[in-house]
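Q: Residues per chain, in single letters:
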Amino acid sequence: MLREILDLLVERSLQDQAFFVLLVLIVLLVLAAVAFAVFTVALRYRNTQRERRWIRLEEKWESVLLDVLAGDAPPETLLDRVRGEDRRYFVDFLLRYARHLKGQELETVRTLAAPYLDLSLTEVETPNPGRRAWAIQTLATLGPRRYRSTLVEALDDPSPVVAMVAARSMTEERGPDSAREILGRLHRYVLWSRSFLAEMLSSLGADVAPDLAAVYRDPDERPGVRAICGEALMQIGLPGSADMAVDVLESTDLEAVAEEAEDTAEVTHFGDERELVITSLRILEELGRPEHLPLVRELTESMDPVLRSLAVSVLGRAGEPDEDGPRVISALHDPSPWVALHAARSLRELGLTGELERLAHSDSVRADLAREVLSA
Amino acid sequence: MSGWDVLHAFNLFILGYFFVLNASYLVMNFMAFRELRRYAERLKTVRLESFMRSVAPPPVTLVAPAYNEELTCLESVRALLALEYPEYEVLVVNDGSTDATLDVLRQAFELTPASRFPTARIPTEPVRQVWRSRTHPNLWVVDKENGGKADALNAGINYCRTPLFCAMDADSVLEREALIRLARPFMEDVSLVAAGGIVRIANGCTIRDGMLEQIRLPETLLARFQVLEYLRAFLGGRMGWDALHATLIISGAFGVFRRSAVVEVGGYRPDTVGEDMELVVRLHRHFREKEEPYTIRYIPDPVAWTECPESVRVLGGQRDRWQRGLIESLTRNARMLFNPTYGRIGMLAFPYFFFFEMLGPIIEMGGYVAFLVAVFTGNASNLYVFTFLALAVAFGVTISITSVALEELTFRRYPRLRDLLRLFWLAILENFGYRQLITFWRVRGVVSKLRRVESWGIMERTGFGTGDTGGTPTDDSPRGSAPDEEDGA
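Residue numbers (my numbering), protein chains in the order written: chain A, 1 to 376; chain B, 1 to 489.
Certain hints may be false.
Unchecked claim - Calculated cross-link-like contacts (lysine to any residue; reagent style SDA-like; alpha-carbon spacing at most 20 Å): (1) B:K44 x A:D272; (2) B:K290 x A:T122; (3) B:K290 x A:D272; (4) B:K44 x A:G130; (5) B:K44 x A:E51; (6) B:K44 x A:L121; (7) B:K44 x A:N128; (8) B:K44 x A:E260; (9) B:K44 x A:R88; (10) B:K290 x A:E260; (11) B:K44 x A:T122; (12) B:K44 x A:E125; (13) B:K44 x A:R87; (14) B:K44 x A:W54; (15) B:K44 x A:R131; (16) B:K44 x A:E58.
No wet-lab data here; the hints were simulated from the structure.
Between the sequences and the hints, there should be enough to build the whole structure, so can you do that?
A: Listed below in structure tokens is the structure:
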């Protein structure tokens, strides 16, 4: 039939042939439109049915689960209600609960999930990173100890999202072992925000501080990784962190760092060394004492406005009014508005509000700044 | 070669152009489908609450320019203050409103004069006064002389102190989790300098105290057509371009930017009516020229709901302006066209927008004229005419229906089956008049641009969820800050 049509077409004029092609295209498009419309309605129907079924199942399981959690019913009561085809739903249902539970209740939910978790284990092998990430999250939440080796392997998953889900899940389990596994792979997460990574590490608690400190001080480690560990230390508030920060600053070529940052050209990526210096200054801002300040005072003259701002802030927190006041007052008139802002706040912290009062009543371009800081 | 041959050749050119354009729309939709599926799967593994609990999300300043928004500003600001985000400031920039916008805000939020030191010096019209709320310490209002939306945004950026800022319209309502959803990618990718969310039509929906209560299709046909257009543009077009890593537009109604990057390129250009697209194009240009790593993304699930025009006159003015904005953004950065220095932006996205979005309406209108000439002079057979029209409708319907399918596959915001079926019906209906009208307005935009018209047009507001009819004209300034959206088609 098709052959006959083609033969017929070959004999016709170019215009007829073009017309035929257009006609076929129209038919195909109309068929596609109808198919998509039917598909969409079918999808809506399937989604609605799924939702209804999900609600029914939830209602069936929820009341029994609450009894089990309260100790009023044995786990088998609930497990008996899970049919074979609903096992995946059941794991998802438990996962949702597990995220809000702690202690014994969480352990009970994990016991309930245990018979079905191998289903998620098979998903870890799929080529689809989304499904792998979901499986890892399920295993990490509902079977962190039993599937620990799988989670550690997932830290090396080619997909950064899967690796991050594994890392994030492991930090929720806490403990130095998790920290070591993650610390060894921090360089894999270079694209993630450093504060996010630091928060993830600091959530492991004070037990991991020695490991973090070791990485932060290690000159052979990547500066970016050291910066993350330094920030995590700051969040934990380890007492010796300020001394370490001074050591790190002293062992860094601060002039080279400032030159690298000249004109603040790099908006998206600060150099790693610069990040390390910034982190060290932030540690000093949080935890520094007067004996830590000599190098910081030098940094108020740095070419890099970010370092100047932070140095002025450190002086505001840990400095001496008599010794550091003049430096900070001078920074009020720094060409960078950020340095001036930090300086104004530091003056208030040092109790030197007289200079701010004078500035506030002047016609200086920084009068607004002084008024704002005074009224805050 | 006779005149008729020329006409015939032109008609063939139009046919080819039309085919390539529509085929590219379809391809975009299929690419969007793949990307949306991937995104939806990834989203399942992301626990927004864990992001919220952590101290990690970077602080954000919401910069909302307002010009004569007395009817909608209260709902919008309340919605902004109700957002779920650990640390953010709301900076409403009153762009010299001639109505009671400032008074409404002053009374509702107990604003008092305050000092706030600017941290950048992007030139703007003079700031009259900075106000701060007594009831909501994170709410600030910058009252300034009228200078247009870009100028107001620049004023906001000058007062912004957070690493990220969110540019939006004061008459848009963000969903509660919209900000965390849009800020999250900045935590995942430090090279990200800008990310845009999706804008949806709020007409017909019920919004109370800044919260979206009920999602429905609008009552009027004109607004419903725009719902379909927005679905096509955001779920199909923008997602498709994002899959190619070539996002060229972030809606002025909702986008998050790295403040330092925008300050570095000098902020928004106040001398364009398409300041949102122009900024994104300039960011691409800047980072490509400096060979610095950067990313610009479109994120499909953070939603801003906005009111769309319900009158032909206002819609016409809006599309006229969008077309002018598009032309300005592209012509001012014309060196990027087919320039390999700019990678896939210069070689793919820019040429696409240049030849299809910018020149498209002119070619399309030329096609209509040539087509009519051919028909009335008997140089086109009835069969050819019918076939061409059928092809146009078939393409249009298929593209729109795939967009509705994308919506159903991913976010399913319209809960009623009736609304879904209506969208299908609209996908057919819009081909008979509405699309041609849009083309006409876009051509008018080209003409306006050639005539150096700089008007923003008029926006009629009814307020959210009131169901009122007969809006009040509230934006008749030559440089007002009306809601802004790019080419929907």
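Q: Each of the hints needs a verdict: does it hold here or not?
A: How the hints compare with the structure:
| no. | hint | verdict |
| --- | --- | --- |
| 1 | B:K44 x A:D272 | violated (32 Å) |
| 2 | B:K290 x A:T122 | violated (46 Å) |
| 3 | B:K290 x A:D272 | holds (19 Å) |
| 4 | B:K44 x A:G130 | holds (8 Å) |
| 5 | B:K44 x A:E51 | holds (16 Å) |
| 6 | B:K44 x A:L121 | holds (17 Å) |
| 7 | B:K44 x A:N128 | holds (13 Å) |
| 8 | B:K44 x A:E260 | violated (40 Å) |
| 9 | B:K44 x A:R88 | holds (15 Å) |
| 10 | B:K290 x A:E260 | holds (15 Å) |
| 11 | B:K44 x A:T122 | holds (18 Å) |
| 12 | B:K44 x A:E125 | holds (18 Å) |
| 13 | B:K44 x A:R87 | holds (19 Å) |
| 14 | B:K44 x A:W54 | holds (17 Å) |
| 15 | B:K44 x A:R131 | holds (9 Å) |
| 16 | B:K44 x A:E58 | holds (19 Å) |
In this structure, the earlier hints numbered 1, 2, 8 are contradicted, and the remaining ones agree with it.
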